[in-house]
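There are 2 protein chains.
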Amino acid sequence: MTQVHEQGYFTEENSAEVVAARNANASNERLRDCVNILVKHIHAAVKEMEPTQDEWFEAIMFLTRTGQTCNDWRQEFILLSDVTGVSMLVDAINNRKPSGASESTVLGPFHVEDAPELPMGADICLDSKGEPMLVRGRILDTKGSPIDSAKIDVWQANDEGFYDVQQKGIQPDFNLRGVFRTGPDGTYSFRAVKPKFYPIPDDGPVGQLLTRLGRHPYRPAHLHYIIEAEGFDRLVTHIFDPDDPYIHSDAVFGVKESLMAKFDLIEDPEAIRAAGFDRPFYLVEHDFVLASS
Amino acid sequence: MTQVHEQGYFTEENSAEVVAARNANASNERLRDCVNILVKHIHAAVKEMEPTQDEWFEAIMFLTRTGQTCNDWRQEFILLSDVTGVSMLVDAINNRKPSGASESTVLGPFHVEDAPELPMGADICLDSKGEPMLVRGRILDTKGSPIDSAKIDVWQANDEGFYDVQQKGIQPDFNLRGVFRTGPDGTYSFRAVKPKFYPIPDDGPVGQLLTRLGRHPYRPAHLHYIIEAEGFDRLVTHIFDPDDPYIHSDAVFGVKESLMAKFDLIEDPEAIRAAGFDRPFYLVEHDFVLASS
Numbered sequence: 001m002t003q004v005h006e007q008g009y010f011t012e013e014n015s016a017e018v019v020a021a022r023n024a025n026a027s028n029e030r031l032r033d034c035v036n037i038l039v040k041h042i043h044a045a046v047k048e049m050e051p052t053q054d055e056w057f058e059a060i061m062f063l064t065r066t067g068q069t070c071n072d073w074r075q076e077f078i079l080l081s082d083v084t085g086v087s088m089l090v091d092a093i094n095n096r097k098p099s100g101a102s103e104s105t106v107l108g109p110f111h112v113e114d115a116p117e118l119p120m121g122a123d124i125c126l127d128s129k130g131e132p133m134l135v136r137g138r139i140l141d142t143k144g145s146p147i148d149s150a151k152i153d154v155w156q157a158n159d160e161g162f163y164d165v166q167q168k169g170i171q172p173d174f175n176l177r178g179v180f181r182t183g184p185d186g187t188y189s190f191r192a193v194k195p196k197f198y199p200i201p202d203d204g205p206v207g208q209l210l211t212r213l214g215r216h217p218y219r220p221a222h223l224h225y226i227i228e229a230e231g232f233d234r235l236v237t238h239i240f241d242p243d244d245p246y247i248h249s250d251a252v253f254g255v256k257e258s259l260m261a262k263f264d265l266i267e268d269p270e271a272i273r274a275a276g277f278d279r280p281f282y283l284v285e286h287d288f289v290l291a292s293s
Numbered sequence: 001m002t003q004v005h006e007q008g009y010f011t012e013e014n015s016a017e018v019v020a021a022r023n024a025n026a027s028n029e030r031l032r033d034c035v036n037i038l039v040k041h042i043h044a045a046v047k048e049m050e051p052t053q054d055e056w057f058e059a060i061m062f063l064t065r066t067g068q069t070c071n072d073w074r075q076e077f078i079l080l081s082d083v084t085g086v087s088m089l090v091d092a093i094n095n096r097k098p099s100g101a102s103e104s105t106v107l108g109p110f111h112v113e114d115a116p117e118l119p120m121g122a123d124i125c126l127d128s129k130g131e132p133m134l135v136r137g138r139i140l141d142t143k144g145s146p147i148d149s150a151k152i153d154v155w156q157a158n159d160e161g162f163y164d165v166q167q168k169g170i171q172p173d174f175n176l177r178g179v180f181r182t183g184p185d186g187t188y189s190f191r192a193v194k195p196k197f198y199p200i201p202d203d204g205p206v207g208q209l210l211t212r213l214g215r216h217p218y219r220p221a222h223l224h225y226i227i228e229a230e231g232f233d234r235l236v237t238h239i240f241d242p243d244d245p246y247i248h249s250d251a252v253f254g255v256k257e258s259l260m261a262k263f264d265l266i267e268d269p270e271a272i273r274a275a276g277f278d279r280p281f282y283l284v285e286h287d288f289v290l291a292s293s
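Sequence order for the protein chains is A and B. Heads up: the first sequence begins at 1 in the working numbering, then just goes up one per residue. Heads up: the second sequence begins at 1 in the working numbering, then just goes up one per residue.
Please note that a few of the clues may not be correct.
The list treats identical chains as one, so a pair stands whether inside a single copy or across any two.
[Claimed, not checked] Straight-line alpha carbon distances no greater than 16 Å define the calculated EDC-like cross-link-like pairs of lysine to aspartate or glutamate that follow:
#, residue 1, residue 2
1, 262, 55
2, 194, 12
3, 97, 13
4, 97, 202
5, 97, 12
6, 40, 17
The hints are simulated quantities; they were obtained by calculation from the structure and are not laboratory data. This one's a predicted model, so the numbers in the text were calculated from it and none came from an experiment.
Using the sequences plus the hints, can you model the full thing?
And the structure:
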């Protein structure tokens with residue numbers, strides 16, 4: 001408290017320093033440092049915005065509604081973090097990769113822990129809906145060598161843009177989910193259907209904010225991956241369809257140049273037969289490169 | 001969307017610029033500017049903190065609990081704004097006063113609109129509890145001339161640190177509240193009891209944060225004022241007891257040097273009799289200076 005007194009009373013000029021001095025006795029130094037950093041930057045933002053009392057109250061009420069929209073299955077503050085690019089920034093900071101390694105992107109809310117482990121080449125689409133797709137490629141290290149026993153956990157939305165967990169009773173359980181394990185050649189392959197773009201939940205305060213900002217709530221079509229192998233960093237990422245109408249305006253900023261895949265429509269009857277399909281299919285060939293841990 | 005494409009995809013370096021570019025089509029320019037300023041500073045804070053995914057999730061859950069603690073009579077986000085100095089900063093920005101004018105401080109949550117208008121000298125303490133106090137002074141303009149017909153709305157906590165609205169059924173309605181109007185000489189006076197320090201509501205997430213930061217939840221003893229007169233800026237302020245144990249550590253940073261009053265204990269029998277009391281009382285003499293509007 002002596003320290004606070006020495007700082008003097010709160011003024012517009014010394015505001016953040018006075019608050020930081022008050023936190024000097026925090027037992028948890030990391031918490032104290034983070035609070036002080038946030039206070040410093042929020043005060044700087046307030047000084048730049050110069051909000052009226054009414055505007056600040058509007059912000060308070062927006063945050064209040066955002067908290068009150070959260071429940072066991074809806075996390076509106078994560079959505080707010082997503083649409084303001086903060087989630088992707090936290091992801092980027094925690095996943096700086098060496099040159100040549102595949103880049104990460106956000107996990108998203110639809111991963112499930114207990115998806116079935118399937119043989120290579122299996123079809124993860126359990127309801128035969130949508131346009132067929134064959135996905136294949138290799139799991140490599142940064143020197144280009146194949147990684148044996150890499151675990152590939154993949155999940156995606158269906159042809160209408162819904163995950164199985166959003167349509168319980170409509171889609172089969174574990175539809176469009178699977179876990180695969182590479183052999184010594186590092187290759188992987190599975191069958192699925194071409195995913196579609198979909199909106200993030202937009203019937204709450206964050207959706208209203210997006211509307212007022214002239215933004216749509218859509219994420220471009222993508223496949224989710226978690227790839228793990230002993231001796232390598234865990235990779236949480238997507239691959240995207242570069243022809244998706246929302247590829248340049250992902251509502252949550254998850255797209256990176258290096259995460260573009262190619263979705264080639266294969267119409268040649270021989271190629272269709274060779275791939276085990278009975279009609280044209282999309283071929284997606286994409287390699288992932290893991291960084292050594 | 002063209003603009004977004006030109007900005008390129010999201011990276012750690014260009015994160016705030018990419019988000020701002022996405023908000024370019026907002027219909028409300030002020031909202032857009034405020035969101036972009038907040039995004040810029042929050043991203044800067046995240047880059048400085050480098051939170052782990054777990055730490056960021058902890059922050060998300062803190063904000064969620066803060067929103068969920070709010071209801072019709074409890075506003076936990078305002079408390080968060082208060083204990084981080086943001087409320088006082090917004091107050092300071094909106095109440096820059098010319099030299100010589102009395103300074104403002106936060107309104108607080110306990111003002112009521114319909115307090116009774118009373119004659120000068122009236123006792124606003126309706127339950128005779130506490131140490132008697134006489135408050136008097138003048139309402140002046142910045143040239144030192146008295147202001148006629150100034151309206152003085154005053155309210156305070158009782159000798160145990162509670163406002164009437166916090167103790168309905170225990171304190172009389174409108175206890176320690178009153179509205180007074182000056183005459184041509186600009187003087188005011190009323191009787192009350194010496195107020196006591198009190199805690200802000202500390203049984204929620206903000207109280208837990210204060211504890212983890214090694215801080216107490218107390219506000220030093222004070223009297224609230226709203227002073228209005230035609231041709232002058234409305235003044236929302238407090239006066240404080242400089243001998244209060246929490247005067248250097250107000251939980252909401254509301255104290256300013258210029259808002260110190262003197263609480264003189266008057267024990268001289270003649271002075272006691274002249275003031276109309278039957279025992280020692282506190283004399284608080286304080287002038288307020290209004291800025292021309």
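Hints, verified against the model:
1. Taking the closest pair of Cα atoms, residue 262 and residue 55 never come within 16 Å of each other, the shortest separation being 46 Å inside a single copy and 36 Å across copies.
2. Taking CA atoms no more than 16 Å apart as the test, residue 194 paired with residue 12 passes in neither setting, with 56 Å inside one copy and 30 Å between copies.
3. For the identical chains of this complex, residue 97 and residue 13 are inter-copy neighbours only, at 15 Å across copies versus 40 Å inside a copy, given an alpha-carbon limit of 16 Å.
4. In this assembly of identical chains, residue 97 and residue 202 lie within 16 Å of each other by CA distance neither inside one copy nor across copies; the values are 33 Å within and 43 Å between.
5. In the homo-oligomer, the alpha carbons of residue 97 and residue 12 lie at most 16 Å apart only across protomers (12 Å), although the nearest pairing inside one protomer, at 41 Å, exceeds that limit.
6. Taking the shortest alpha-carbon separations for residue 40 and residue 17, only the intra-copy value of 8 Å comes in at or below 16 Å, while the best inter-copy value is 20 Å.
Hints 1, 2, 4, counting from the list given before, are not met by this structure.
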